[in-house]
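**Q** For reference, the chains in residue letters:
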Amino acid sequence: MHPVDTMGQTREGAEYGFAFLDEDAKRELRRSIFKAVCIPGHQVPYASREMPIARGFGTGGMQLTLALLGPDDTCKVIDQGADDSVNAANIRNFFALTCPGVTGTLRTEAASVIQTRHRIPELPLRADQILVFQVPYPDPLVVVEPNAAKRRRMHGRADYARLWVKLYEDMVAFDEITISHRYPTRINGHYIIDPSPIPRFDVPKLHQAECLYLFGAGREKRIYAVPPHTDAIPITFNDVAFAVESFRDKTTGKRHVCRRCGADDSFLDEFPDNDGARVFQCSDAAYCDMRLERLEAAE
Amino acid sequence: MAYVAIRGGADAIKGSARLMEALRAMGSSAPLDLDQIERQMPLLHSKVLSEGSLYHPRLASLALKQSLGDSLEAAFFLRAYRSTKPRLGETAPHDTRSMRVVRRVSAAFKDIPGGQMLGATPDYLHRLFRFELMDEGPAQFDQITREWFGNRPKAEMPLTFPKVLDTLRAEGLLAPLAESDDEPFDITREPLIFPVPRSAQLATMARGETGGLLALAYSNMRGYGDVHPTVGELRVGYVPVMVPHPVTGKPMEAGEVLVTECEIVAMFEKSDDGAPVFTLGYGACFGHNEVKAIAMSVLDRAISVATEKGRISNPSEDPEFVLLHVDGIESMGFCTHYKMPHYVTFQSDMDRLRAARTKAEEATDAPR
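Protein sequences, first through last, are from chains D and A. Per the numbering used here, the first sequence runs over residues 20 to 318. Per the numbering used here, the second sequence runs over residues 2 to 369.
Everything labelled a hint here was simulated from the structure, so no lab data went into it. Think of the CB as a built atom: it goes at the ideal place given N, C-alpha and C, for glycine as much as any other residue. Hints may contain errors.
As the list claims (entries may be wrong) - For lysine to any residue, the following SDA-like pairs were computed, each having C-alpha atoms within a straight-line distance of at most 25 Å: (1) D:LYS54 / A:GLU191; (2) A:LYS251 / A:PHE322; (3) D:LYS185 / A:PHE322; (4) A:LYS360 / D:VAL259; (5) D:LYS45 / D:ASP147; (6) A:LYS86 / D:VAL259; (7) D:LYS169 / A:ASP350; (8) D:LYS185 / D:GLY295; (9) D:LYS269 / A:ASP350.
What the hints assert, rightly or not - Residues of chain D placed beyond 10 Å of chain A at every Cβ, according to the derived structure: (10) ARG49; (11) VAL56; (12) ALA129; (13) ILE198; (14) PRO253.
Hey, can you work out the whole structure from these sequences and the hints?
**A** Quick look at the structure:
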């Protein structure tokens, strides 16, 4: 069963106002969000506030979520696809503490705002849902240019030549593009974004989606967006197809399936069990639970 | 099984917090009093005040207590608290000539107007253990205090002192102070987009992490740079905080803040009118933290040199390199975040490695 709880305020949070941030900060965040939506893929600088969880733990995503949440919202927090991962649980507790009235949920389809780290849920999101990403590196050019001022100019001119060269060098050295996650993705034909450390498996979900995707980098102080019905194309060569992670077993040639729900279409976590054997399981916990529930109901 | 695969993160973090709390309370030591932290660890306390960039001595003590003595974490508490507070107003620039000085030294001159005043410093202490302090009681404190205050002649020292650098300015060896009406850059309300004005540079370093500033400044001192500083004046003391009266608008004293200020004199450069003058580096921070103020003044000079010459030759001269890497709250947070689950991205990494290995094997197996 999926417990649905009311995020109630506790004694500890009573010292702070609704959604923690002062109202000026929230107003600035909302203005930056508007700008980000108006210029898809453009990194909008903003005065990122310090959060009571560490930089690098999702402070950018948290600020976006806090600026978006109202008392009638339903919120879900995931990390690595799971609601119960330590960091997701921690951020969820913080929202529970500081956003009285907001409903918490584990169900993807029930949430109006979902904050995520490293995954996009398997269930396609709807027009009335917003997915907020936690972003460690907002700039895809950082792998080829450390200087931020130069990168800003490169983005303005849509000068991504050095990224293409990196891809080409990969092909020469490994006969494969070695970028595993944070795959550079061109938005609306101009800006290339770092879609946050989602696997390549999730990148196609950004393209012409129904929902709004918002990206928040707290430490690097940038906000950007992929609005609904917007092109999001991972960069590749004409003769080298973009490839998502393969879960095909090398010896049998068959795709691994989830050991819990049997899904053969989801992103899988692979880990050794106590006997050292490799096991596979859905990374998206809510998707896995939903499938199990349906299987049980069908029996 | 990896800890992330276990469904139970919420319980785990709750348990971890309880264990932290229990470890603090276990044993026979008495609970730490906030006054003890402020009075007996003033230098640690100072670090937290300045890196947290919120002058609230009492909360700084609580932060140290709650963070189990970790200065980075403690500064973080103050910063996070700061996020919940609106900005109410601006003060006019403060003149540190009105500082109630508790210590000031100049390395440039044997004697300075008002005199050198060593104050309380560990600089000339032998770092030899005083084992008798291992067993100290209130009686010892009473005795030490009595000995210090007893039979002391009334202080003849003035409370405020003129600035050493004013002497150099009077002689023309240092460029006159340029008055600026520019609104100072508020780093808490605007992100740093380079190039940034010097006020942003100074504000960022004023709340920078001591160790980070020191490492970068030290690289310059050792030879990756050529600031070659002379400490014109280093002063520590209380600066009255003047805020405009809400009704009359006239400045009124709202309290005072403990500040460390350092002005270094560096190599001379051609001035606007052609005659060479010494150059200046400035450092200041909340609390008593001399290493930080000196390191900051060296970096301020290093960055300014490069900006003036339009050429960056060393990391310590690069405003982006320095200013984006000295914040303790940001660097500590990002370093810590690597402990969090990364198994989706690692799965993705394994996928790429396996694919590349397959390609390599195929290439080896292929007939030549």
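**Q** Hint by hint, say whether it matches the structure.
**A** To see whether the hints hold, each was checked on the structure:
1. D:LYS54 / A:GLU191: The given pair, whose Cα atoms are some 16 Å apart, holds under the 25 Å limit.
2. A:LYS251 / A:PHE322: violated (41 Å)
3. D:LYS185 / A:PHE322: Within the cut-off at roughly 24 Å; holds.
4. A:LYS360 / D:VAL259: Answer holds: A:LYS360 to D:VAL259 is near 14 Å, not above 25 Å.
5. D:LYS45 / D:ASP147: The given pair, whose Cα atoms are some 21 Å apart, holds under the 25 Å limit.
6. A:LYS86 / D:VAL259: Not OK: A:LYS86 and D:VAL259 at ~52 Å, beyond 25 Å, violated.
7. D:LYS169 / A:ASP350: This hinted pair is violated, its Cα atoms lying about 29 Å apart.
8. D:LYS185 / D:GLY295: Distance ~37 Å between D:LYS185 and D:GLY295 Cα, so the pair is violated.
9. D:LYS269 / A:ASP350: Judged against 25 Å, a Cα distance of about 17 Å means the pair holds.
10. ARG49: Given that every Cβ of chain A is farther than 10 Å from that of D:ARG49, nearest at about 15 Å, it holds.
11. VAL56: holds (19 Å)
12. ALA129: holds (19 Å)
13. ILE198: violated (7 Å)
14. PRO253: holds (13 Å)
In summary, the structure is inconsistent with hints 2, 6, 7, 8, 13 from the numbered list given earlier, while agreeing with the others.
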